[in-house]
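Undergrad: The opening position of the sequence shown corresponds to residue 0 in numbering that gives the first Met the number 0, with each subsequent residue numbered one higher.
Do not take every clue at face value.
Straight-line alpha carbon distances no greater than 16 Å define the calculated EDC-like cross-link-like pairs of lysine to aspartate or glutamate that follow [stated by the list, open to error]:
(1) K77 - E64
(2) K6 - D30
(3) K5 - D151
(4) K21 - E64
(5) K93 - D117
(6) K77 - E26
(7) K11 - D30
(8) K113 - E69
(9) K17 - D82
(10) K149 - D82
(11) K110 - D94
(12) K33 - E64
(13) K5 - E168
(14) K65 - D40
(15) K45 - D30
(16) K77 - D144
(17) K45 - D117
(18) K70 - E108
(19) K45 - E64
(20) K45 - D120
(21) K21 - D82
(22) K23 - D58
(23) K149 - E168
(24) K149 - D165
(25) K6 - D117
(26) K93 - D120
(27) K178 - D120
(28) K65 - D30
(29) K178 - D40
(30) K71 - E108
Label pairs and their computed distance ranges (CB to CB) [unchecked claim]:
(31) I37 - N185: 20 to 26 Å
(32) H55 - N185: 15 to 21 Å
(33) K11 - N185: 31 to 37 Å
(34) I81 - K21: 33 to 39 Å
(35) Y172 - K65: 30 to 36 Å
Read the hints as simulated data drawn from the structure, not as lab findings. Quick caveat, the model's predicted, so the values are computed rather than measured. Where is the CB? At the ideal position from N, CA and C, for every residue including glycine.
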Amino acid sequence: MMVHSKKVLREKMLSRLKNLSKSKREEINTDLHKQLFIQSDWQQAKTIGITISLNHEWDTWPIIEKAWQEKKNVVVPKCNPIDRSMTFHQISSKDDLEVQYYHLMEPIESKTKKVSADQIDLLIVPGVVFDHNHYRIGHGGGYYDRYLSKVDLQTISLVWQGQLVDKIEINQYDQPVSKLIVSTVN
0 MMVHSKKVLR EKMLSRLKNL SKSKREEINT DLHKQLFIQS DWQQAKTIGI
50 TISLNHEWDT WPIIEKAWQE KKNVVVPKCN PIDRSMTFHQ ISSKDDLEVQ
100 YYHLMEPIES KTKKVSADQI DLLIVPGVVF DHNHYRIGHG GGYYDRYLSK
150 VDLQTISLVW QGQLVDKIEI NQYDQPVSKL IVSTVN
């Protein structure tokens, strides 16, 4: 079993994800969304924590819209680049967002309410690479690992099978997610 360097894996996987065709990306997105919506974790959750996806990530807007249709609360992260921490804020429309740090869409603090971790029923955690032990490689900032180390939440990551590797080199700061939803679309 090979242990892969995070930096190398991240770069290779980002390239692979960016090179997926539009139709393949849509097929994977649809599969991941369908699988998520039948999970009891999703169905029972009243408040969903989720990021606003970037172009190479799995599309989170259909998830956000479905949550709103089902009268769920949607909370999204606000990153603090000084201490690399995150807080989550409830949004009710795209108008509650602005482009911020690293081109991320983040909540406008003056228009949104900060929500504590104990109010989040399900946190959908993004990532670039995953292993079978539910460890992940994100974009390298450590925001989610810092956040998850301080809270006890049900976490799910949406993963295409092409993002899975045998084992990721981990350190004491890395936090696994509770569950992986894996699309087997080829």
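Undergrad: All hints, please: hold or fail.
TA: Cross-check of the supplied hints:
{"no.": "1", "hint": "K77 - E64", "result": "violated (19 Å)"}
{"no.": "2", "hint": "K6 - D30", "result": "violated (28 Å)"}
{"no.": "3", "hint": "K5 - D151", "result": "violated (25 Å)"}
{"no.": "4", "hint": "K21 - E64", "result": "violated (21 Å)"}
{"no.": "5", "hint": "K93 - D117", "result": "violated (24 Å)"}
{"no.": "6", "hint": "K77 - E26", "result": "violated (30 Å)"}
{"no.": "7", "hint": "K11 - D30", "result": "violated (23 Å)"}
{"no.": "8", "hint": "K113 - E69", "result": "violated (21 Å)"}
{"no.": "9", "hint": "K17 - D82", "result": "violated (29 Å)"}
{"no.": "10", "hint": "K149 - D82", "result": "holds (14 Å)"}
{"no.": "11", "hint": "K110 - D94", "result": "holds (9 Å)"}
{"no.": "12", "hint": "K33 - E64", "result": "holds (14 Å)"}
{"no.": "13", "hint": "K5 - E168", "result": "holds (7 Å)"}
{"no.": "14", "hint": "K65 - D40", "result": "holds (14 Å)"}
{"no.": "15", "hint": "K45 - D30", "result": "violated (23 Å)"}
{"no.": "16", "hint": "K77 - D144", "result": "holds (15 Å)"}
{"no.": "17", "hint": "K45 - D117", "result": "holds (12 Å)"}
{"no.": "18", "hint": "K70 - E108", "result": "violated (22 Å)"}
{"no.": "19", "hint": "K45 - E64", "result": "holds (14 Å)"}
{"no.": "20", "hint": "K45 - D120", "result": "holds (6 Å)"}
{"no.": "21", "hint": "K21 - D82", "result": "violated (36 Å)"}
{"no.": "22", "hint": "K23 - D58", "result": "holds (13 Å)"}
{"no.": "23", "hint": "K149 - E168", "result": "violated (21 Å)"}
{"no.": "24", "hint": "K149 - D165", "result": "violated (27 Å)"}
{"no.": "25", "hint": "K6 - D117", "result": "violated (33 Å)"}
{"no.": "26", "hint": "K93 - D120", "result": "violated (22 Å)"}
{"no.": "27", "hint": "K178 - D120", "result": "holds (14 Å)"}
{"no.": "28", "hint": "K65 - D30", "result": "holds (15 Å)"}
{"no.": "29", "hint": "K178 - D40", "result": "holds (10 Å)"}
{"no.": "30", "hint": "K71 - E108", "result": "violated (20 Å)"}
{"no.": "31", "hint": "I37 - N185: 20 to 26 Å", "result": "holds (21 Å)"}
{"no.": "32", "hint": "H55 - N185: 15 to 21 Å", "result": "holds (19 Å)"}
{"no.": "33", "hint": "K11 - N185: 31 to 37 Å", "result": "violated (18 Å)"}
{"no.": "34", "hint": "I81 - K21: 33 to 39 Å", "result": "holds (37 Å)"}
{"no.": "35", "hint": "Y172 - K65: 30 to 36 Å", "result": "holds (32 Å)"}
In this structure, the earlier hints numbered 1, 2, 3, 4, 5, 6, 7, 8, 9, 15, 18, 21, 23, 24, 25, 26, 30 and 33 are contradicted, and the remaining ones agree with it.
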